[in-house]
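K.L.:
Here's the letter readout for the chains.
Number of protein chains: 2
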Amino acid sequence: MKPEARNPNLDQLDTDFLYHLGLDTSMDLEGMFGDVKYVCMGGSPVRAEDFANKAAADLGFEVPEGGAKPIGKTERCSLFKVGPVISVSHGMGMPSMLIFLHELAKLLDYAGAQDVKFIRIGTSGGVGVEPGTVVVAEEGLNGKLGPAFEQVELGETYSYPTGLDRQLAEEILEARGEIRAQLGKTMGTDDFYEGQGRLDGALKPRYTEADKMAFLRRAHEAGVRNIEMESTAFAAFCLRAGIPAAVVCTTLLDRLQGDQVTSTPAELAQFSDNAQRVVLQYIRGQLEKAAA
Amino acid sequence: MKPEARNPNLDQLDTDFLYHLGLDTSMDLEGMFGDVKYVCMGGSPVRAEDFANKAAADLGFEVPEGGAKPIGKTERCSLFKVGPVISVSHGMGMPSMLIFLHELAKLLDYAGAQDVKFIRIGTSGGVGVEPGTVVVAEEGLNGKLGPAFEQVELGETYSYPTGLDRQLAEEILEARGEIRAQLGKTMGTDDFYEGQGRLDGALKPRYTEADKMAFLRRAHEAGVRNIEMESTAFAAFCLRAGIPAAVVCTTLLDRLQGDQVTSTPAELAQFSDNAQRVVLQYIRGQLEKAAA
Numbered sequence: 000m001k002p003e004a005r006n007p008n009l010d011q012l013d014t015d016f017l018y019h020l021g022l023d024t025s026m027d028l029e030g031m032f033g034d035v036k037y038v039c040m041g042g043s044p045v046r047a048e049d050f051a052n053k054a055a056a057d058l059g060f061e062v063p064e065g066g067a068k069p070i071g072k073t074e075r076c077s078l079f080k081v082g083p084v085i086s087v088s089h090g091m092g093m094p095s096m097l098i099f100l101h102e103l104a105k106l107l108d109y110a111g112a113q114d115v116k117f118i119r120i121g122t123s124g125g126v127g128v129e130p131g132t133v134v135v136a137e138e139g140l141n142g143k144l145g146p147a148f149e150q151v152e153l154g155e156t157y158s159y160p161t162g163l164d165r166q167l168a169e170e171i172l173e174a175r176g177e178i179r180a181q182l183g184k185t186m187g188t189d190d191f192y193e194g195q196g197r198l199d200g201a202l203k204p205r206y207t208e209a210d211k212m213a214f215l216r217r218a219h220e221a222g223v224r225n226i227e228m229e230s231t232a233f234a235a236f237c238l239r240a241g242i243p244a245a246v247v248c249t250t251l252l253d254r255l256q257g258d259q260v261t262s263t264p265a266e267l268a269q270f271s272d273n274a275q276r277v278v279l280q281y282i283r284g285q286l287e288k289a290a291a
Numbered sequence: 000m001k002p003e004a005r006n007p008n009l010d011q012l013d014t015d016f017l018y019h020l021g022l023d024t025s026m027d028l029e030g031m032f033g034d035v036k037y038v039c040m041g042g043s044p045v046r047a048e049d050f051a052n053k054a055a056a057d058l059g060f061e062v063p064e065g066g067a068k069p070i071g072k073t074e075r076c077s078l079f080k081v082g083p084v085i086s087v088s089h090g091m092g093m094p095s096m097l098i099f100l101h102e103l104a105k106l107l108d109y110a111g112a113q114d115v116k117f118i119r120i121g122t123s124g125g126v127g128v129e130p131g132t133v134v135v136a137e138e139g140l141n142g143k144l145g146p147a148f149e150q151v152e153l154g155e156t157y158s159y160p161t162g163l164d165r166q167l168a169e170e171i172l173e174a175r176g177e178i179r180a181q182l183g184k185t186m187g188t189d190d191f192y193e194g195q196g197r198l199d200g201a202l203k204p205r206y207t208e209a210d211k212m213a214f215l216r217r218a219h220e221a222g223v224r225n226i227e228m229e230s231t232a233f234a235a236f237c238l239r240a241g242i243p244a245a246v247v248c249t250t251l252l253d254r255l256q257g258d259q260v261t262s263t264p265a266e267l268a269q270f271s272d273n274a275q276r277v278v279l280q281y282i283r284g285q286l287e288k289a290a291a
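Protein chains in written order, with numbering that gives the first Met the number 0: chain G, 0 to 291; chain Y, 0 to 291.
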């Protein structure tokens, strides 16, 4: 985090309780997290654990027998640490994501961790790309196709830009190896059903199949290659904080072909693995470069 | 769900995969869920499990040895069924809540369940009420203190009203027994830190302590007695669907006194229990009335 972004009000707190992580500043945060260089965030606790164990195997770090163990409380998220990598779940949607961004940024600031990068690894709906393709985001776009994240503070709406670190995106893309991956804009919406123009929600939608397809084509023309639910808040927060950030998501389906996720569990696991593998290949390359 | 609200596009689907629940229409949903009358939603899987076991004990339904077992997949939520009660987690924030509202409403429609009520049971920040007080929402207000939920659909913003079922709110309040509870407006925000005017986020806020207090007092004057992150989306969805709905949240702190959640784990557990108890006392009364 860049020093000028840091919240000076935190200096007034005797103890800062990072409530949703279940960690606080009475603990030895520097000893626990001082060496962190990569924060890898995924939607579910299952994926966070899975990524931690893959990271240990791939990058050559030890985990306890039976696999990586979560740190802090596990009611709202699961956080694992493997070498210089935190793997943590962020739930679904911008509000949940933002809670963990604030608490992780504070955690790493208190820990004195330096040169940390934040990478969201997720799943998404593709727009004009084959299911299983990994999209590395060039930029986050909101549901109105604008490069901005809107947030209400004390009753007023403010807009924050959603650019992402271009160099980091290209370095991650270069690490793709055999995995099908590409750059593209990632649209972040505040709903999975009507917010993404699906026709299979519970309620009678105000739009038709033709309206939906016209919008998805418009999004595709604007450079959108996938749709998920966290990219704009994530990009805006990291840009404000001065944290280099990337969004790396596998596509589970092509929305230009339909709305339902119909792949088998085995296919979905493979798709999800693709984005994790690309990021692990990137981190391995960086660690090898640093050790050389 | 009222028939005119139902999405007619669903009739085109051979099988509807309720992706985040891990259930689909090839299963015997009527046999599994046809008798459901109450859907009780809470933030975390731990609380959903806890509520299911309390419901079984309180309402006199059996659960397997070791406690209630989740139905469907548990990666994104945990769903339990005890007699006519579903207890299910919804994560944090409106986007996560909406995913489960759509899939639960479809589930119960496919199951042929009749006269179902949706009740959100949660925790919240209080505004001018003693920590531990249960607030039964009269109405949801958004972060701009308006009675509306705004949603972007195909690039356009639409606004939906956030009224709640007055009779249901009063019946739940009447069931409070010894527990401190009251009616009040519940403000739903899209962020826990800057979205709720906290001064303990990671980033330097654009507002001061004085700005925050002025806003919280304005909210209090508008009738807000607590702040959480799901009420407006929940109220708007249920109103559109024609599902009677209530929001019943314990307050963990009084925001007019500070920003941090500093109660002990035992106090927090007691506070969380208060909202669950009020709802269980309400449901027990209704079941006794129906059986009489």
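Heads up, a few of these hints could be off.
Straight-line C-alpha distance at most 27 Å; calculated BS3-like pairs for lysine-lysine [stated by the list, open to error]:
#, chain 1, residue 1, chain 2, residue 2
1, Y, Lys72, G, Lys72
2, G, Lys72, Y, Lys1
3, Y, Lys36, G, Lys203
4, Y, Lys68, G, Lys143
5, G, Lys53, G, Lys288
6, Y, Lys211, G, Lys1
7, G, Lys203, Y, Lys1
8, G, Lys53, G, Lys1
9, Y, Lys36, Y, Lys72
10, G, Lys143, G, Lys211
11, Y, Lys203, G, Lys36
12, G, Lys53, Y, Lys72
13, Y, Lys72, G, Lys68
14, G, Lys53, G, Lys72
15, G, Lys1, Y, Lys203
16, Y, Lys143, Y, Lys211
17, Y, Lys288, Y, Lys1
18, Y, Lys53, Y, Lys288
19, G, Lys1, G, Lys288
20, Y, Lys53, Y, Lys68
21, Y, Lys68, G, Lys72
22, Y, Lys36, Y, Lys53
23, G, Lys68, G, Lys36
24, G, Lys36, G, Lys53
25, Y, Lys68, G, Lys68
26, Y, Lys288, Y, Lys36
27, G, Lys211, Y, Lys211
Far from chain G, some chain Y residues (derived; all Cβ distances over 10 Å) [what the hints assert, rightly or not]:
#, residue
28, Ser25
29, Lys36
30, Gly42
31, Asp57
32, Gly71
33, Pro83
34, Met91
35, Glu129
36, Glu137
37, Gly142
38, Gln181
39, Arg205
40, His219
Rather than coming from a laboratory, the hints here were simulated on the basis of the structure. In this text, a Cβ means the ideal position worked out from N, Cα and C, and glycines have one as well.
K.L.:
Look at each hint and say if it fits the structure.
P.N.:
Structure-based check of all given hints:
For the given pair, Y:Lys72 sits about 22 Å from G:Lys72 by alpha-carbon distance, which is consistent with the 27 Å threshold. Taking the CA atoms of G:Lys72 and Y:Lys1, the gap is near 40 Å; set against the 27 Å cutoff, the hint is violated. Taking the CA atoms of Y:Lys36 and G:Lys203, the gap is near 23 Å; set against the 27 Å cutoff, the hint holds. At most 27 Å may separate the alpha-carbon atoms for a hinted pair to count; Y:Lys68 and G:Lys143 exceed this at roughly 41 Å.
Restraint check for G:Lys53 and G:Lys288: satisfied, since their Cα atoms lie roughly 20 Å apart, inside the 27 Å limit. As the CA atoms of Y:Lys211 and G:Lys1 are separated by approximately 25 Å, the hinted pair is consistent with the 27 Å bound. Under the criterion of a C-alpha separation no larger than 27 Å, the hint pairing G:Lys203 with Y:Lys1 is consistent with the structure, at around 11 Å. Between G:Lys53 and G:Lys1 the alpha-carbon distance is near 30 Å, which puts this suggested pair outside the 27 Å criterion.
Restraint check: the Cα-Cα separation between Y:Lys36 and Y:Lys72 comes to about 22 Å, which is no more than 27 Å; the hinted pair holds. In summary, the hint linking G:Lys143 to G:Lys211 is supported, as the alpha carbons are separated by about 13 Å, within the 27 Å threshold. Taken as a hint, the Y:Lys203 and G:Lys36 pair is honoured in the structure, with Cα atoms around 23 Å apart against an allowance of 27 Å. For a cut-off of 27 Å, the pair hint linking G:Lys53 to Y:Lys72 stands: about 22 Å separates their Cα positions.
The hinted pair formed by Y:Lys72 and G:Lys68 meets the criterion: a straight-line CA distance of about 22 Å does not exceed 27 Å. Distance hint between G:Lys53 and G:Lys72 is fulfilled; the C-alpha atoms sit about 22 Å from each other, no more than 27 Å. Our distance criterion of 27 Å between C-alpha atoms is met by G:Lys1 and Y:Lys203, whose separation comes to about 11 Å. For the hint linking Y:Lys143 to Y:Lys211, the alpha-carbon distance of about 13 Å falls within 27 Å, and the restraint holds.
Proximity of Y:Lys288 to Y:Lys1 is assessed by CA-CA distance (about 24 Å); at most 27 Å being required, the pair is judged to hold. At roughly 20 Å between alpha-carbon atoms, Y:Lys53 and Y:Lys288 fall within 27 Å of each other, so this suggested pair holds. Taking the CA atoms of G:Lys1 and G:Lys288, the gap is near 24 Å; set against the 27 Å cutoff, the hint holds. Straight-line distance between C-alpha atoms of Y:Lys53 and Y:Lys68 comes to about 13 Å, which keeps the hinted pair within the 27 Å bound.
Only pairs whose Cα atoms come within 27 Å are accepted, and Y:Lys68 paired with G:Lys72 is accepted, the gap being roughly 22 Å. For a cut-off of 27 Å, the pair hint linking Y:Lys36 to Y:Lys53 stands: about 17 Å separates their Cα positions. Simply put, G:Lys68 and G:Lys36 have alpha-carbon atoms about 19 Å apart, close enough for the 27 Å limit, and the pair holds. This hinted pair checks out: G:Lys36 and G:Lys53 have alpha carbons roughly 17 Å apart, not beyond 27 Å.
Only pairs whose Cα atoms come within 27 Å are accepted, and Y:Lys68 paired with G:Lys68 is accepted, the gap being roughly 23 Å. The hinted pair formed by Y:Lys288 and Y:Lys36 meets the criterion: a straight-line CA distance of about 14 Å does not exceed 27 Å. At roughly 41 Å between alpha-carbon atoms, G:Lys211 and Y:Lys211 are farther apart than 27 Å, so this suggested pair is violated. The claim that Y:Ser25 is not at the interface with chain G holds, since no C-beta of that chain comes within 10 Å of its own (minimum 12 Å).
Remark: the non-interface label on Y:Lys36 is consistent with the geometry, its nearest Cβ contact in chain G lying 18 Å away (cut-off 10 Å). Its closest Cβ contact with chain G, about 8 Å, brings Y:Gly42 to no more than 10 Å, contrary to its assignment away from the interface. At roughly 22 Å from the closest C-beta of chain G, the C-beta of Y:Asp57 stays outside 10 Å, upholding its exclusion from the interface. Here Y:Gly71 stays apart from chain G, with its beta-carbon at least about 13 Å from theirs, past the 10 Å limit.
For Y:Pro83, the non-interface assignment is confirmed: its Cβ lies about 20 Å from the closest Cβ of chain G, beyond the 10 Å cut-off. At the 10 Å boundary, the C-beta of Y:Met91 falls inside the reach of chain G, the nearest C-beta of that chain being 4 Å off. Distance check on Y:Glu129: its Cβ is at least 20 Å (rounded) from any Cβ of chain G, clearing the 10 Å threshold; non-interface status holds. The non-interface label for Y:Glu137 is consistent with chain G: the shortest C-beta to C-beta separation is roughly 20 Å, beyond 10 Å.
With a closest Cβ-Cβ approach of about 4 Å to chain G, Y:Gly142 is found to fall inside the 10 Å limit, against its non-interface label. With a cut of 10 Å on Cβ distances, Y:Gln181 stays outside the contact zone with chain G, its closest approach being about 24 Å. For Y:Arg205, the requirement that its beta carbon stay farther than 10 Å from each beta carbon of chain G is not met, with the minimum near 7 Å. Listed as outside the interface, Y:His219 is consistent with that label: its C-beta sits roughly 13 Å from the nearest C-beta of chain G, beyond the 10 Å cut-off.
Of the numbered hints stated above, those contradicted by the structure are hints 2, 4, 8, 27, 30, 34, 37, 39, listed in ascending order.
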